[in-house]
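Peer 1: Kindly generate the complete structure, drawing on both the sequences and the hints.
Okay, here's what each chain looks like letter by letter:
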Amino acid sequence: MSLTFSLAHLMGGVILLAAFSLLSQRRLAAMITLYQVQALVLSAAAFWQGYAQGEANLYLTGLITLIIKALILPLSLREIVLRFNLMRAVETAMPVAVSMVLGVALIGVAVLVVLPTTPGNISLTREDLAIALSVVLLGLLMMTTRRGALAQIIGFLSTENGLVLAAIGMPGMPFVAEFSVALLVLLAFLVVGVFLFRIREHFDSLDLSGLEQIERRGR
Amino acid sequence: MFGLPGAGMQVRLDPLSVLFLVLLAPQMVAGALAGEARSPTYWLFALGMVLAVVAASAFTLIFGFELMSAASWLLVLKGDQKPATLYVGIAIFSAACLVPALFLPASSLAFVLIVLGAGAKAGLAPLHSWLPKAHPAPPAGVSALMSGGMIKVALSVIIREGFMTLSAAQQPWWGGVLIAAGVASVFIGALRAMLETEMKVLLACSTVEHAGLIAVGLGLALRAKAMGDANLTALGLEGALLCALAHALYKPLLFIGAGEVKHATGTASLDWLGGLMRSMPRLSGLMLLAASGMAALPLGPGFAPEFLILHAALAAAGTGGIVARIGFSALLAVLGLSAALALGAAVKLMGVGFLGRPRSLQAAAAEEPRGLALAGMALLGGLMVPLALVPAEILRLMAPVVRELAPNAGYAPLGYAPLPLLGLGLVVAVAAGFVLHRFGVRGTRAAPGWMCGFGQPPVWLPFGDPATQPTATGLAEPVARAIGRGVLPGGADPAELFVLAPLYRVHLKGVRLAEKLRRATIRERLAFIFSALVLFLLTLGLLGGG
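Going down the list, the sequences are from chains A and B.
For the first sequence, the numbering used here gives the first residue as 297, with consecutive numbering after it.
For the second sequence, the numbering used here gives the first residue as -1, with consecutive numbering after it.
Simulated from the structure, these hints should not be mistaken for lab results.
Don't be surprised by glycine CBs; every beta carbon is placed ideally from N, CA and C.
Misleading hints may appear alongside valid ones.
Sample of chain B residues at the chain A side, in silico, Cβ under 10 Å [to be verified]:
1) Leu536
2) Gly539
3) Leu540
Peer 2: In structure tokens form, the structure reads like this:
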């Protein structure tokens, strides 16, 4: 039992670490790699939870995560970078150091929220939940502090990873939720891909600051 | 009809609502006769007022009140757009105060909200500066009903809530609040009425004064009721209700008359009128009667209520601690000054507008108005006669209202009897005439001619230039120099400088902020939602941990 705990915590920690390094990365290629690592660890965590809880559903979740998030998504993101010949450096809206300080604060917030509000539950779930919430918040922070569209998409995907982490940590969570979440991500990816094509057609760039200028002038 | 599902609309006819219906009916008829009979909005406005007066439930009251506000807004919009915008702002403010207040339990907060909401609608200072702008804007019949009726409806809400619904929690300082707001409006209204040169604006300013006077009477009664002084309660209530009744007769008459003058001459500015007494004798006679009420002259309809309110203030000055005594003495002084200013305003209205020689061709060629409008004015004028001559009988008729509002109140007899006074005056006049006739000096004597207020006639106009007569501005100049310039810096109402202007600045800031939010980029909006989420989580964590 204690091995279950420590291994689950370890994997959660690695996912959190990946989310945190995503925040500090300035290069697009490295961000995609980090996201891939995060998704891989997530699928491993899903398999491990499936083994520990004896749930066949979780194996399926792990498989979906492995195929869609750890393989298809990073590959196609790299494809996009190549096809569009994107700037490989990510433009940030605030200094990286500041966003990392904010990230640490957000982890504090997550711990502050989860630990006192769920005193009755077993410690595994509680700490897992805190980690998952931190990953979600860090992904959101990344979406707000990055200017490039692709970096924002990676932030969104990282947020979604946090959600799945929370879902697999909960014993008795219905499988449907995870499946729909995965589908949602795929759909979002498709939509965003189309969106990127459109932006690219109009502005020859995926930098959203051009779009912001148009918005300002238009109104 | 309409109403809350399951509850419907509840109305009642108790003495108070009957009194206010009686007070509203003649002016509605007169307003309709003055040319509003075919306007559906006018009747909607009237219906709203009736509903607000007879309402027995909070919902009905708000429905009627807001119907009244909305319909009158449309009517003001017919006249002019700018005051209509100001007016609708005030209407929204008063709704925002009234709606929560009516559903609050009886408490001081509810009373303050009621006074703010209904007081803004009644034109009590410091929320009165919209009234001299909005009331003159619509056609005369509507102005009449707004001035004579709408502010009464607002005051009736204060009466009903302050004396009946909230009486469980009443405090003496509630009355103090009403007195303070009332005396400020009395003073500022009378002063502005004295200084204005436009007839309808002058009348609207005078409406502010009379709304303040009614509020002073109500405040005195409310304070006395909370302190258990039965006599003073009756005195203040009688004064306030009688003042409301009298004002509901003469102010609509004056407004309709001003509208007819504008119709006949093309202007309502006193500086372009004059000599109307000769060309429109019947209208001028009715206006004179109403102006005597506005000025609270003895033997006029406005004297008895002001007499009662001053009496109540005198009686209140004899009670309470040293601060209350000094305060009520100061109140008396301000009321006296304002009565003098109101008299000045009435003299200016009649003297400059209706006496002397016409200052323009249009004024010289004015004709008596249509029969219908004159009939409406005559109705109001006729109803004023009993109020002027037998006020004591009318007070006796109003006794049930006073008892309903203050069950323990006594009956304060009116120490003023116009009929014997009239008889005495007649005896003195006849005797003086007789003495003059019998013992007067016969024969003629040459003396320099009284120029009727004219300046020295220029040589090319041997019979005098009408433009050299004193104008309304000139008549008001001494008052303007003595107190006007100090109280009204630059001619602007202090309420505009200290209430409306800061509100306008706050509004501008709010609009800029909203515009900034609207122009936010996608990333900024994301950041906004994100920080809201984090704030929420932080609150949850801190509260849950503590």
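Peer 1: Work down the list of hints and note, for each, if the structure agrees.
Peer 2: Each hint tested on the structure:
For Leu536 of chain B, the suggested interface contact is upheld, since its CB lies about 6 Å from the closest CB of chain A, less than 10 Å. Because the smallest distance between the Cβ of Gly539 of chain B and any Cβ of chain A comes to about 4 Å, under 10 Å, the interface hint for this residue holds. Residue-level restraint check for Leu540 of chain B holds (minimum Cβ-Cβ distance to chain A is 7 Å; threshold 10 Å).
When the structure is compared with the earlier hints, no violation turns up for any of them.
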